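Grab the two chains, each in its own frame, and use the hints to assemble them into the complex.
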Amino acid sequence: MHINSESLLAVSLDVMVKPVLRKRLLERVLSNWSVRLGGGVLCLLIFMAIGAQWLGTIDPVAMDPSSGNLFPGTRAEFNDLSGESFEHYFLMGTDSLGRDTWSRIAYGARISLAVGIAVACLALLGGMLVGIVAGYFRRFDNIIMRIMDSVMAIPSILFAITLMALWRPTLLTVVVAITIPEIPRVARLVRSIVLTIREESYVEAALSLGTSTIMILWRHILPNAIAPLLVQGTYVCASAILVEAILSFLGVGLPPDIATWGNIMADGRTQFNQFPQTVLLPGIFLALTVLAVNILGDGLRDTLDPKFNKRGG
Amino acid sequence: MRDPKAVLHVERLTISLPSSADRTNAVREISFSVAKGEIVCLVGESGSGKSVIAQAVMGLLPAALTPVAGRIDLLGENILALTESRLRQLRGARMAMVFQEPMTALNPIMTCGAQVEELLIQHTTLSRAQRLLSIIDIFNRVKLPDPERMYASYPHQLSGGQRQRIVIAMALILKPALLICDEPTTALDVTTQAEILRLIAELQRGSDTAVLFITHDLGVVAEVADQVVVLERGEMIEQGTKLQVLQQPREAYTQMLLASVPGLTPRERPAVKLAPALIRTHALVKTYTSGAWPRRKHVVYAASEVTLEVLPGETVGIVGESGSGKSTVARCIARLIEPTSGDIFADGLSVASLQGRDLSPLRRVVQVVFQDPYRSLNPRRTVGQSIIEGPVNFGVPAEQAWQRAEELMTLVRLKPDALHRYPSEFSGGQRQRISIARALACEPQVLIADEAVSALDVSVQAQILDLLNDIQQKLQIGILFITHDLRVASQICDRVIVMQQGRIVEQGLIRDVFVSPRHAYTQALLAAAPGRGFAFGLAQS
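Protein chains in written order, with numbering that gives the first Met the number 0: chain A, 0 to 312; chain B, 0 to 540.
Bound-form chain B, shown alone (with noise of 0.2 Å):
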């Protein structure tokens, strides 16, 4: 070992991929050490191998995957030539991991102290009191609220923040020399991840722990890390400090990465003309109702009292936490789902309480492009197939479509044969650019994109939102823009309107409301996005 002081030491590492794969290696080559009391975040977009390299280290690589060169020495010994048994000892004792879905982390069926309890059966001597009185006290070291109630709680009586609370204290309970953490925050709100990381740094400083910290999200990077070390398709590419790797990066990818991240100064876009709405809701309200008799009828307000427009041109960006009612409202405007009450205009025709073919005129005006493209486009049917059913719907002749069809493709930046070929041939991005292309293709006034570019990479990402303004400045249609991400929100927002608790609670031109928050929430949102002190997306403003 060079570092007498590092926890893990990780050297000249490679694991091959099965022959049948796109790559011969899912990483390769790849040095790095975490020290005590030291952050070092590996930093990757999807397929950069990050994860791989977590497994290997906590000895859970899938059986597809082999070792092939290099060591990983964890406090002198080598994880690679370790049986399974000793693993087992060292799991949990001394390396532990904290991963991004915990409510899938949590076993569903046992309370969270029981969880934790088993740990220290597994691996201390302590007696029944000894280990409860432990259990308390990391519960209340995670910040825990009320920690007698959390420890007879089950996972689905918590909020997802208390839930990764849990999965820490889980985690910590043993004083693991070494913490890895799996994109720990991804799966959680702004607010939610800002209280994490806080807590993750805190515990780590107290406890000297040495922490391995695996995500995609710069901006978190710039939150926690000592050493970044960033991946990308298995090769490691930069190492280095954090302010070495943010501010002078060496190369052009990690540049490229940092340029792609969203700054949270909004970007200066063409005032919008004055004219009348394409699309405006007055008064929306949807509300779910559960409980049925004899029991209390319980009603939730997904939303209420929503009144909103979006004119040619425009951009209006609705931003907000999980349950904020932000995609209900798209969803009511879609007429995906039919609202309670209020009413919706589209082209100046009321059509909240159409029903089946009535809503066609809607459907002409409004089209959806949807979070997930994995999802979104039917695997059995070709991406042209896709593309002109609205059209053919509408009763435009199929070669007319697909004539159309085509043009769409290169205004996606596709290329036209593209047509022919089924989803499952196409990357993330380019299902995005598809589901655009068959947006477009009804030819709306309004897109709603709902959360269209969360589930993409930052570099991947960049582009669509390009692209959106780009198709928006040729065809001055209005966007309704969902997202719970608000430096894509001051990329490509006029107005913006902030969602809590399915109300609206402040509204403005994006400037004002993102310069100057008026509402606690609003500025409680904008502090928690991470990564504020670093200017990230110079390149782009």
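Isolated chain A (complex conformation) (with noise of 0.2 Å):
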């Protein structure tokens, strides 16, 4: 990489993200190991739920009571409650009912990234709406970031229970529920990039070459705060698949019959002394996904953020 010696030394140059360097910023982000790691667990995780049905998995809801509890790594047969009868492996066991322990895990991976990376994106999407208005339009700044405080006053998984209680529950009100808590720290994020960058001469330069407030935003603020953003997406998507795990937990997520991590782990807690692993199981793979998108972040971090890459430009 060339690095001006000027630069080098004068430390008051801003590390800036040089876009020349744009495809040699992806291979550097690629060539990160935490990147490496955690986006590879994950992307195993996502092909293990968009393939579940072709991964040695059966129906999730379908039971057998006669083949309840069994445990893993047992070959018996099963009777599906409408009279059909087949052999299986049943390679992580079966719950109290008798439904297939790994099926049911395949399958709710499906809910957990769905919920984390919806949640991502809406929380980043609202945050970022609300955090440019605070941050570019002043005098909304002082009632919007109030509010902003009042909602981050709330724990998060609190406020989501209340909301769950007031709506139905359905993937749309679970992913609604935990967003919305998500929002002002996404939106103080980017707040903060706002009023940084707005001070910038380019900036200024803009407004008095004629540009639009939206162009403005959209050509000289926002692309500042795409890298923190990204970084900032990952960690809400790890703390929302571990909501959402929570609220199937408590029995106030999706309802009992359709296949979570937390509702798997809430229907074998009552067993926990004899049979661990109806919990254990599920409990692993939410913390391996949790851990994966932290890793993915940290990298991302370390790659993208400039003050934890002062000698990278």
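These aren't lab readings, by the way, just hints derived from the structure by calculation. Some hints could be false.
[To be verified] Each pair of labels, with its calculated beta carbon distance range: (1) A:P222 to B:V298: 52 to 58 Å; (2) A:L124 to B:I336: 29 to 35 Å; (3) B:A80 to A:L124: 57 to 63 Å; (4) A:P222 to B:D342: 33 to 39 Å.
As the structure is a computational prediction, the values presented were derived from the model and not from experiment. Each residue gets a CB set at the ideal place from its N, CA and C atoms; glycine is no exception.
Here you go:
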């Protein structure tokens, strides 16, 4: 990489993401081990969620009380309630109702990942809008940020539980209930970026060139927020996956007949002493997912955030 | 050591840069010495390696830079071979440093007295009462008013000049043999600069300290130096006594540098034809209110009753120190901020209270070139995209705007293919040319240059001033030139307005104002301009 001796010595020079280095930036991101590890594990999990039906699973809601509480690695006859009967290899055993734990975990990954990704996208979008309005149109700043402060003052899980108590539990309401408490954090981040960048002389220059407000925001201010938002998005995603599991576990999330990791753990809870695997196995997947997303986020932060990357420019 | 009197002796010092840099050595084969009671100036433009030498002498080189050859002897000890703990003993006691920015050199959460006292605790065994006495004594010597109050003040409660005096007091309290000043007055106003320079010279004579003085400003060199070392891109170009280097420079680079320093004598300019004003302000006022209920409201007049006009082909300078309101006036006229009262007429149209899209006619007439070339171009957009942004906003088709941009590149003496590149690929001077091209792309009648050459090296500064003069003659535009540097103003302005604390204190033709100033403030400003005794810039006029 070419470093000008002047810029190396001048401490005052800002570290800027040089657009000419955009391709190399992607290379740098992909060469980071945290990104590789976190991203790799996450890809496997996404693959598992999407391809659940081809991965040796059966219908996750099908039950057979006669083959309840099987231990992992058992091969047994499965008699569906509809009368169908077939032999199946229970990789991770069954729960007390005879539902295949592996199938439920694989299908449950769909819910967890969908909720995580949807919440991340919605929270970023919402937080971005709120942050931009607060940061750029200063007369709304005080009122908006005080509302954000009051949302932040309520623990996000309690907030989500309250919202879920008001609404019928569907995937959409779960996503919205988890998104709303996440918005203030993103909004604060965006607002602080807007506040810094709007003082740059290139923004003033654009103003004097007659550029409209929308274009100033879109062209000159928002691109500076992309990298920090991407990083923040991964953290939001990880926390959303956890919150969704907690809501399900407490019984205020998606209905218990839908296979989600939280629901599986909630079902297995009563028999934890005899059959801990029904709780532990989905727990491991949950921990693995959240860990992978967080590691990915750390890697992105190290490579994208100039504060952690002083010498990399 | 060759010279027994030498406090600091640098011999064939070479410091290498990391392999990824654009040259191999930060500095190469540098030799000079500083004797007791002598001020040696290291002069050079940005990237010359002058600060690297100061860091090396203090033993504070960044990890990426390694000394590969030579030695630095301070009173017989080779700095480059010392351990970190020995260096710590020497710093403060034998050598001390005064930095450029006094605000960042001081700890904002400690009182000034406590910071000076910390040094005494570290390096001496004085009792508390003795420490207090010697601090008050040094504060008196650096001419701080009311030393007892200064002792208990925090850095933010002091002015820039007072802060720099505290830093100097800290540097001198342990009576070091060597004082290193790294651009100590660059961040200060010109009248404050004159005081600080006088103070450093006085203290140095009184205590026989050796001073290594680093600066980019040849005016400052003329004020303080005994010996001068000229650096360019890490190479030592020339060294000698002040008179020798400033009056009979041997090397072409030194001659060029001296010729680039703008003279204080106003340059001859073609007469401005009488014509209706392009832009005119009437009793412009901008106030800032601080303190909300229940505290008392405090109104600050950043600009008050400013009336001025700019004619076609005329350059009007606004000069003054920081806080004089010169930039506030410029930003009001460009309508980057809204004036509190008064009126602005662009092309005969009152624009003082228009908002948003209604300002479009003004934006076509008035364009701004900003101070910092590193911040005034969006790093994520190509030069071409930046330049055509304005015309496209005003409805010019993109291809046509691009063609015009190519012509403008030639006008500002850059290659048209620069349009496809990003700002980071250009130097400060080139970026300022791009900023000028961007402003001109809207075909403005008035260009506001807000400290447009202040961040540039003196040789680049001269080129940009020439360019602005040229463009003005070609296009007959009016220029409103904001600067704190009287030398720069004298090179480009027809008329000059002197501002102090938001008010115009004097205005008139530049040759009247600069040759026979009437107002006391103008006189003080002119008297403070460093290096008045030397006739700089003779090559130009």
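Status of each hint after checking the structure:
For P222 (chain A) and V298 (chain B), the hinted distance range of 52 to 58 Å is not satisfied, since their beta carbons lie about 38 Å from each other. Between L124 (chain A) and I336 (chain B) the Cβ separation comes to about 32 Å, which falls inside the hinted range of 29 to 35 Å. Evaluation of the 57 to 63 Å hint for A80 (chain B) and L124 (chain A) yields a pass: the beta carbon distance comes to about 60 Å. At about 38 Å, the beta-carbon gap between P222 (chain A) and D342 (chain B) stays in the expected band of 33 to 39 Å.
When each numbered hint is compared with the structure, a violation occurs for hint 1 only.
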